[in-house]
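Protein chains in written order, with the working numbering: chain A, 62 to 380; chain B, 278 to 565; chain C, 186 to 607.
Hint data in this document are derived by calculation from the structure and do not stem from the laboratory. Wrong hints could be hidden among the right ones.
Unchecked claim - Stretches of chain C that chain A covers, calculated by requiring three or more beta carbons in the stretch to come under 8 Å of a beta carbon on chain A:
hint	stretch
1	431-437
2	569-576
3	582-591
As the list claims (entries may be wrong) - Only pairs whose alpha carbons sit at most 20 Å apart, straight line, appear in this in silico DMTMM-like list of lysine to aspartate or glutamate:
hint	chain 1	residue 1	chain 2	residue 2
4	A	Lys118	C	Asp260
5	A	Lys83	B	Glu457
6	C	Lys377	C	Asp438
7	C	Lys471	C	Glu354
8	A	Lys223	C	Asp438
9	C	Lys389	C	Glu600
10	C	Lys465	B	Asp320
11	A	Lys124	C	Glu607
12	A	Lys124	B	Glu414
13	C	Lys426	A	Glu208
14	B	Lys509	C	Glu251
15	A	Lys124	C	Asp287
16	B	Lys454	A	Asp82
17	A	Lys83	B	Asp463
18	C	Lys407	C	Asp602
19	A	Lys118	C	Asp287
20	C	Lys231	C	Glu517
21	B	Lys416	C	Glu251
22	C	Lys428	A	Glu208
23	C	Lys426	C	Asp376
Unchecked claim - Covered stretches of chain A, as calculated for chain C (at least 3 residues, CB under 8 Å):
hint	stretch
24	118-124
25	205-211
26	223-234
27	339-351
Remember, it's a predicted structure, so these values are computed and weren't measured experimentally. Glycine is no exception: its CB is placed at the ideal position from the N, C-alpha and C atoms.
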Amino acid sequence: MSERSIDKTPVQNRSIMSHRDKAERMWGFIFVGFVVSGILTFMGFPLLYGIYISFFKWSIIGKNPVFLGLKNYASLLNDHLFVQALGNTVKYVIGIIVFCVPLSLLLALLFNREMPFVEGLKIAYYLPVITMMVAIAMVWRWVLSTEYGLLNYFLGFLGIKKVAWLTDPGWAMPGLIIMSIWKGVGFNMVLFLAGLKNIPTVYYEAADIDGAGNLKKFFKITLPLLSPTTFFILLTTVIHSFQIFEQALILFSGGAGGEITGAGPDNACNTLVLYLYNNAFKWQRAGYGSAQAFFLFIILIIFTIIQMRLQKRWVHYEV
Amino acid sequence: MKFNGITMKRIHVGSSLVYVILLAGGIFMLMPFVWMISSSLKDMESIFVFPPQWIPQKVIIKNYIELFTNSYYNFGRYYLNTAIVVIFRITGMFIFCSMAAYGFARLEFPFKNVLFLLVLATLMQPIQVSMVPLYFEMKFFRWVNTFMALVIPHSLGCFGGAFSIFLLRQYFMAIPKDLEDAAFIDGCNIPRTFISIMLPQVKTAYAALAIFNFQSAWNDFVWPLIVINNPKRYVVSLGISQFLSDRAALTNWPLLMASSVLALLPIIVVFLVFQKYFMRNLVMSGLK
Amino acid sequence: MRKTKIFWSVVVLILLLSLSVFAAGQKEGAVEKTVKFAMWGGAIEKQTVEAYLEPFLTRNPDIKVEILTPPQYWDVIQTMVAGGTPPDICYMGFPEFVDFHDKGAILNIQKYADSSKIFDKNDFVPAHLATFSDRESGELYGVPKDWSTYVVYYNEDMFRNAGLQTPWELYEKGEWTLDKFLEVAGILTNDKAHGLIFEPGRWKTFVPYFAPDWIAGASDVKVNTREFISAIDFVKDLSLKLKVSPTADQLGDISAADRFSQQKGAMYIIGRWMAMRYIKGNLPFKWNIAPMPVGKDGRAHTWVDMVAYSILDGAKNPDIAWKIIEYLTGPEGQASVAKAGHAIPSRISVANSDAFLKSVRPGFHNEAHLAIKDAQPVLVFNNWSRVWSVFGSKLDLVWTGQKSAEEACAEIQKEIDPLLKE
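Turn these sequences into a full structure, and let the hints steer you where they fit.
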């Protein structure tokens, strides 16, 4: 999201350029046209449809929707489950941003050196990213289980008491975040690694001559020059994390005979998308679910626009 | 390139410590997989024994044999279908997403920023609420139970394809402007500049994108779930989920684990083959 | 220039390809003679039903059946219904039936049933047919496929080794009471195994023992009562106070079904369907099933799980679909259900025949009719699944001891009342 895309191309040769401006217009539309028409068809129509049904009391299988006006939106704020889901989702997003992103940066920094078998090690970190959730959630139920779980086993070495990750409402969300970090840390790590390797060594050489310490180099060179990557990662991670769904559904459904909503103990892992999914497909309230989806959409759009504005202050594109 | 100021010094001092940390972390990351593989070699009754057996007492490979021989599973078919989808999707993505990325990065036209926000907005719409209207559309196009449904929308940047456009756009923006200007002054028109000058500049990015897209196509579940209900057109992710029973107690875990291992194998192979390019080439052109 | 040409020809080629598939799709749409039959349970279920259908399809070579086994069954079915291409026949579970029927998504099959020579409503348990009928008009919307009750599985070896009479023997003597049940569970609990395995999430099994009238009407569910609370306390105490059953945490570590097969529990309360797995698994010990114990009111209570075949509204071939349902729920089709042995055939005559009673091993199923007597008619209330999820999320905290039953029940009542009135 560089400013270059917003600023006009610097003009060098007027006669060629004005002709080029016209050509650019035409080709610009053609080049993005395929994708934009695809998006309008496959994402635009469903979005409009969703907004439309959000004004109705609507069931997916029902035949007679009832017009409600803005009632679905009004009831969002009175619905304590929705407010809770919003809170849970924000907790999750913050958890991922605070733990997963710095951890992936740390890993990238550690990996950014020549070591034997380092490529093989990288694959170990990347494997979870490419694994299907369905299969791995089962394994994770075992990792997080209280009595014999792998995680509690390791924590035991540190003298930490057994934690009921799957049944304690206070620990269910941290458990979910830990699983998501395991699943996603490799992805961001690879992106950070690419960003790191792309920083020209001359900067560090210059800093060496000045006698700068490692910490200073990190804050004065690495972090600023890495900012375009960091920006990309933060933006996509937030958008992605706000839509956390599958992990919770699989991890917390099919417990000890209870109903399957995947919301976790006392709804502690009821996230926005999970809640709207349950509304639309389990509880016959597709109109209400659509209102939630649109609400989420607006949050994310606003967030993205703010991010794109704010990036001027901290993202350095010029290398 | 490989060594920057920080790493040169640390190699001698902290390298072994770093190595130990990374190794321990790596083992933790791999632990669930080891368990997955070991479970796939057990039978129903010994899978949940405590303490867990990392190495099965008696190794059973009948789970794998069953996956390939029982005509109700047909893993060969799922592989083939998924491969078709993946190949077309990646080809389509290369063509259409790089065109769009180039447009957004380098061409000037009205509403560019709005349109780009539109592309990004596709990442913000949870597919769960779009399932029904999308099914309408697929029915309208007569794409239900066809590969078209699995290929076309993704090729056109929908359902996460925007990620590729965003990433490619960052790459295109990193190319020095002079290169392009020189081509224009030489009389190259825009499509020609794009194909013969710009595309070769970012070709390194494609290894990374191929892996990202391969992985997302391979693991895609919700979308095929809506549009494919004919087992002949099942992709791997749908094939696997057949082992999950609604009554959780009846789920055949060893078979599910075996099928997950099988589902993971191709992607690991692809990753190993490409990862050299993948890691290196991300580096060469970088993210700007 | 060559590169440009190659590039554009690839673009054109792809567009043409998509057009060609348009055409292919149209052809596919023309074949409408096949009946689409949707079910859950994946490849195994498909295999089973295909075997049921084989004799029928050989006799009717013009009928073709396409079996769909979508993962995430209900999502896909709802989407297909909304898209106007519902499967002709589908498995219909009980709570889902309420929603589907309320929204008018299921075809009324009363007229088919009336004119049928095979369908005989007197051969079904009336409460079962009522479950899948309209509550006011009584017209039929689904034919029960088979059903299942909760029973007590027990590890006979464990009882013998402890010198105890088995639940079955106690039952035959008329001594199989709730107190006796708790007593043997206590005796059989030691550091290696629990006397009982009961998943607290299946609390509904024990509620009728304490609060038989907890569902007083479609909009009247009484949770905040002494009776209901004592039922919840009973379930909670099994694991937290008496410690005869594993806790929710322990069940998370090793599932209930696996605990029984690994001899970590002497008794296990679950539906009959589990027998299928244990028979296949060749358990290394002697096991059997017994009815639920008799409560203070002198009756045993159990919970019924039921599945029906329904035809969806908008089905392309309802007539052929009915023929298939008629066959599957007729004497011949039910005989194959009986042979499988895990669920009770919905035809009373078949359930009472040797085909079913001897299917697993002699003596295994001969309590099928008894279960009919004790089975609760399936109870309906408004907003079933939402209300149910409130129960789930609140009671989870009771099972782990983080909340008292009183507190939880008061909260549940407060939350479900508006839902029930909606």
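Could you tell me which of the numbered hints above are not met by this structure, giving the numbers in increasing order?
none
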